[in-house]
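Novice: Spelled out, the chains give:
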Amino acid sequence: MKIAITSSGKDLNSTVDPRFGRCSYFIIVDADSMEFKSVDNPAVTASGGAGIQAAQMIADEGVEAVITGNVGPNAIRTLSIAGIEVYSGARGTIEDTIKLFKEGELTKADSATVNSHAGISERDNTRRRW
Amino acid sequence: MIVAIASGKGGTGKTTLATSMALAVGELQFLDCDVEEPNAYHFLKPVLKGTNSVRAFIPVLNPNLCSQCRKCVQFCQYNALALVKGRVIIFPELCHSCGGCKILCPTGAIREGEREIGTIQIGTAMEGIEFIDGALNIGNPSSVPIIRKMKGLIDEDRRVIIDSSPGTSCAMVESVSEVDYCILVTEPTPFGLNDLRIAVETLKMLQVPFGVVINRDGIGDERVEEYCKEEKIEVLLKIPDSREIAEAYSKGIPFVEVLPEWRGKLQALYEHIEGAVE
Numbered sequence: 001m002k003i004a005i006t007s008s009g010k011d012l013n014s015t016v017d018p019r020f021g022r023c024s025y026f027i028i029v030d031a032d033s034m035e036f037k038s039v040d041n042p043a044v045t046a047s048g049g050a051g052i053q054a055a056q057m058i059a060d061e062g063v064e065a066v067i068t069g070n071v072g073p074n075a076i077r078t079l080s081i082a083g084i085e086v087y088s089g090a091r092g093t094i095e096d097t098i099k100l101f102k103e104g105e106l107t108k109a110d111s112a113t114v115n116s117h118a119g120i121s122e123r124d125n126t127r128r129r130w
Numbered sequence: 001m002i003v004a005i006a007s008g009k010g011g012t013g014k015t016t017l018a019t020s021m022a023l024a025v026g027e028l029q030f031l032d033c034d035v036e037e038p039n040a041y042h043f044l045k046p047v048l049k050g051t052n053s054v055r056a057f058i059p060v061l062n063p064n065l066c067s068q069c070r071k072c073v074q075f076c077q078y079n080a081l082a083l084v085k086g087r088v089i090i091f092p093e094l095c096h097s098c099g100g101c102k103i104l105c106p107t108g109a110i111r112e113g114e115r116e117i118g119t120i121q122i123g124t125a126m127e128g129i130e131f132i133d134g135a136l137n138i139g140n141p142s143s144v145p146i147i148r149k150m151k152g153l154i155d156e157d158r159r160v161i162i163d164s165s166p167g168t169s170c171a172m173v174e175s176v177s178e179v180d181y182c183i184l185v186t187e188p189t190p191f192g193l194n195d196l197r198i199a200v201e202t203l204k205m206l207q208v209p210f211g212v213v214i215n216r217d218g219i220g221d222e223r224v225e226e227y228c229k230e231e232k233i234e235v236l237l238k239i240p241d242s243r244e245i246a247e248a249y250s251k252g253i254p255f256v257e258v259l260p261e262w263r264g265k266l267q268a269l270y271e272h273i274e275g276a277v278e
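Protein sequence lines, in the order shown, are assigned to chains A and B. Numbering-wise, the first sequence is residues 1 to 130 according to our numbering. Numbering-wise, the second sequence is residues 1 to 278 according to our numbering.
Next up, chain A with everything else stripped away, as it sits in the complex (with noise of 0.2 Å):
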């Protein structure tokens, strides 16, 4: 199974990047074979939108699922067309995350799990940005 989690290095042994729409690259890995790629986020720099373009990159990859730690309204619209399944609340590196995995111990998000621009905060990202 083919899936993309959003991370803040380029390797395994990098963190969850808890953010969606902004955040620094994806790993897309097949949980079977730990095969793996790292991919540039190319919504970071985006004005607004950045959950819907980071989406659209994930789904034209032809991932089934998404591990993140926060997703905000758009993005997960987005993902539910193109039936991408989506993970929230993830940390720890991605090596762990893929254990959880596939142990069936992450939480699958069916809604927003925070509000649009939410990720455009670096200090917290539950909370808005003013």
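In short, the hints are calculated from the structure, not lab data. Among the hints, erroneous ones may be present.
[As the list claims (entries may be wrong)] Here are a few chain B residues that sit away from chain A, every Cβ distance over 10 Å (derived from the structure):
| # | residue |
| --- | --- |
| 1 | F91 |
| 2 | D221 |
| 3 | E225 |
[Stated by the list, open to error] Between beta-carbon pairs, the in silico distance windows are:
| # | chain 1 | residue 1 | chain 2 | residue 2 | range |
| --- | --- | --- | --- | --- | --- |
| 4 | A | E61 | B | N52 | 39 to 49 Å |
| 5 | A | N115 | B | G50 | 47 to 57 Å |
| 6 | A | K108 | B | G100 | 28 to 38 Å |
For each residue, glycine too, the CB sits at the ideal point set by N, CA and C.
Got chain A sorted already, so can you dock chain B onto it with the hints?
Specialist: For chain B alone, coordinates are given in the frame of chain A:
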């Protein structure tokens, strides 16, 4: 003559100057183009005649005609469109109403829809002022269509004062474009100077003549004045850092009402600009 009042930095005194100058000059059109945070009405206290809805373009998709070519998605700089599972989805709240998606669509699958993005109010205030202000609805990305519509109400034979939004973003550019003159209000601080420089560069690109008003003169340092001297920018007026002006502002009172000696100075300033523009 149309005079816009802008600034780089916010909170330097655009509305303070614009409203007092409007009252001092009288018999003019006053446009509060800071539609994200209109506040001139607190000072001019207009009697409003009515509210008009401002509507802007949004794309509406006919999925039967869509060939999934992706041109619209790739074009949109605001990510208002996405294509997943062979289906274009539209996020109207991110659309800046440029219409590019509709122009580029090779199969005519996108037609023009519209939605309300804000309102314009028109009224009358003291001293024969025709008062116009706009308000952007919460959650909308672009104030430009509202400002454009407000500027369409300008009577070019009259004296006009435009109160712009701060900064140098699209809203400011739209507010000051094609005016006869722009007053940049700054404060004599490093922040004031930094943002003034950016505003000056913007106005040069727009080829709008401009001068500087230094507000809260006496605080900060001399660098704004030195900069203006070096750049040969006219310092039109200095307004001292005054507790009386600040107190009047906090109560929604234009400072010409508490310091009537400024009436003549602001009138003279407007006339000086008229002379310079001619």
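Novice: Minimum Cβ separation between D221/B and chain A greater than 10 Å?
Specialist: At about 29 Å from chain A, D221/B clears the 10 Å cut-off, so the statement holds.
Novice: Just to be sure I understand the hint, the distance between the Cβ atoms of E61/A and N52/B should be within 39 to 49 Å; is that true here?
Specialist: Cβ of E61/A to Cβ of N52/B: about 47 Å, so the range 39 to 49 Å holds.
Novice: When you take the CB atoms of K108/A and G100/B, is the distance between them in 28 to 38 Å?
Specialist: holds, 37 Å
Novice: Given a hinted range of 47 to 57 Å, is it respected by the beta-carbon distance of N115/A and G50/B?
Specialist: violated, 34 Å
Novice: Verify that the Cβ of E225/B lies farther than 10 Å from every Cβ atom of chain A, and report whether the claim holds or is violated.
Specialist: holds, 33 Å
Novice: Does F91/B sit more than 10 Å from chain A, CB to CB?
Specialist: violated, 6 Å
Checked against the numbered hints given earlier, the structure breaks hints 1, 5 and satisfies all the rest.
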